[in-house]
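Asks: Turn these sequences into a full structure, and let the hints steer you where they fit.
Protein chains in written order, with the working numbering: chain A, 1 to 109; chain B, 1 to 109; chain C, 1 to 109; chain D, 1 to 109.
Be aware that a few hints might be false.
[Said to hold, decoys possible] Simulated pairs of lysine-lysine, DSS-like, Cα-Cα distance not exceeding 30 Å:
1) K80(C) to K93(C)
2) K13(D) to K86(D)
3) K98(C) to K56(D)
4) K56(C) to K98(D)
5) K47(C) to K58(C)
6) K104(B) to K74(B)
7) K104(C) to K98(D)
8) K98(B) to K93(A)
9) K100(A) to K86(A)
10) K86(B) to K98(B)
11) K105(B) to K86(B)
12) K105(A) to K58(C)
13) K58(C) to K86(C)
14) K93(A) to K54(B)
15) K105(C) to K58(D)
16) K93(C) to K56(B)
17) K56(D) to K74(C)
Honestly, the hints are just simulated from the structure, not real lab data.
There are 4 protein chains.
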Amino acid sequence: MKDIEEIIQELLKFRNERDWEQFHNPKDLAIALNVEAGELLELFLWKNSEDANKEKIKEELADVFAYAFLLANKYGFNVKEIVLDKIINNGEKYPIEKAKGNAKKYNEL
Amino acid sequence: MKDIEEIIQELLKFRNERDWEQFHNPKDLAIALNVEAGELLELFLWKNSEDANKEKIKEELADVFAYAFLLANKYGFNVKEIVLDKIINNGEKYPIEKAKGNAKKYNEL
Amino acid sequence: MKDIEEIIQELLKFRNERDWEQFHNPKDLAIALNVEAGELLELFLWKNSEDANKEKIKEELADVFAYAFLLANKYGFNVKEIVLDKIINNGEKYPIEKAKGNAKKYNEL
Amino acid sequence: MKDIEEIIQELLKFRNERDWEQFHNPKDLAIALNVEAGELLELFLWKNSEDANKEKIKEELADVFAYAFLLANKYGFNVKEIVLDKIINNGEKYPIEKAKGNAKKYNEL
Chain A
1 MKDIEEIIQE LLKFRNERDW EQFHNPKDLA IALNVEAGEL LELFLWKNSE DANKEKIKEE
61 LADVFAYAFL LANKYGFNVK EIVLDKIINN GEKYPIEKAK GNAKKYNEL
Chain B
1 MKDIEEIIQE LLKFRNERDW EQFHNPKDLA IALNVEAGEL LELFLWKNSE DANKEKIKEE
61 LADVFAYAFL LANKYGFNVK EIVLDKIINN GEKYPIEKAK GNAKKYNEL
Chain C
1 MKDIEEIIQE LLKFRNERDW EQFHNPKDLA IALNVEAGEL LELFLWKNSE DANKEKIKEE
61 LADVFAYAFL LANKYGFNVK EIVLDKIINN GEKYPIEKAK GNAKKYNEL
Chain D
1 MKDIEEIIQE LLKFRNERDW EQFHNPKDLA IALNVEAGEL LELFLWKNSE DANKEKIKEE
61 LADVFAYAFL LANKYGFNVK EIVLDKIINN GEKYPIEKAK GNAKKYNEL
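Replies: The structure is reproduced here in structure tokens:
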């Protein structure tokens, strides 16, 4: 079984053992993802990247992934496919010759 | 090559072709992840889950995954490992007998 | 003294007594605002509005206001002025006859 | 009329003219606040504070304030009171002698 599939199976098992599917509608999963992204961000507050706690980053990033995978599963998205599609998409918004070495948003390039 | 490894390789190729590694410090990657999580959340604003636009959700969720994978790569985290570790961890915070069928936070169980 | 001016004076006094101005650059204040907004949002996770804890909402919303006021102060914005200006602005994006009774975003009206 | 009261009256007028109260439940207002906080944060992405666009910051911060005020109004909170109360509260979590000159979280002081 592929890595991503295996991760998702473990997440679903955890969820189902606790009978939590009833709470996991997409809107609340998107909220949960934002809450966890905020907790991850807090680890960088008032400091430089190198002073952030790597062990805690690992844990909060894992939570972000967990809800992202659950949301992908809820919609039946293939994670690899949607990310690779988005890369192609972004390649059009950020052509190399225009975007190289600068961090402007595509609508300001 | 495993799925996750392949996704990350494509993300790094995209980044390097644009010479963007200079901008991708962990703190800004965490900010980018929050910005994308916010754009995903906006798709559910003022509506029920079923009225949200699935095509746009796919794109915004892909962006969330992109920055989450880039952040994991930056720290050398193995995504499968950190998520499975977190599941074990959460299993202790949310024992089945206490957590089953209710959505309370662990410190209120 | 006006309400808003009085709130900001108290926030600055609190900050200065702790010698925290050195940390309060706009970027980190914007991060702090997001972190607090995420903590507020967490109070609504997996539940309906009416089941959220009003006492905690009060506290998290106060934190959101605190960073929003500090950010306004940092840039010398007059809060009343910028909000009233934005209302006029939004009135053009959301004309009453088009927006009445529907929650669509302005670019979908 | 006080500044804050006047701002809130203008926000309610704008909302009511569009018949939007039906969408403004506290949970969605908290989502809207997060979405706007994310848009504000995006203005600082990949850059230092001083390179962020002040004019856009003004607009996004105004949106943050708008939803924060609407949420306060929804619960009948007095904004000045809840912020001043939180300052007292935070004074206990961050006593001057411990917190002065350092940016640690209260549970790490």
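Asks: Which of the numbered hints are not met once you compare them with the structure shown?
Replies: Hint check: 6, 7, 8, 12 fail, others pass.
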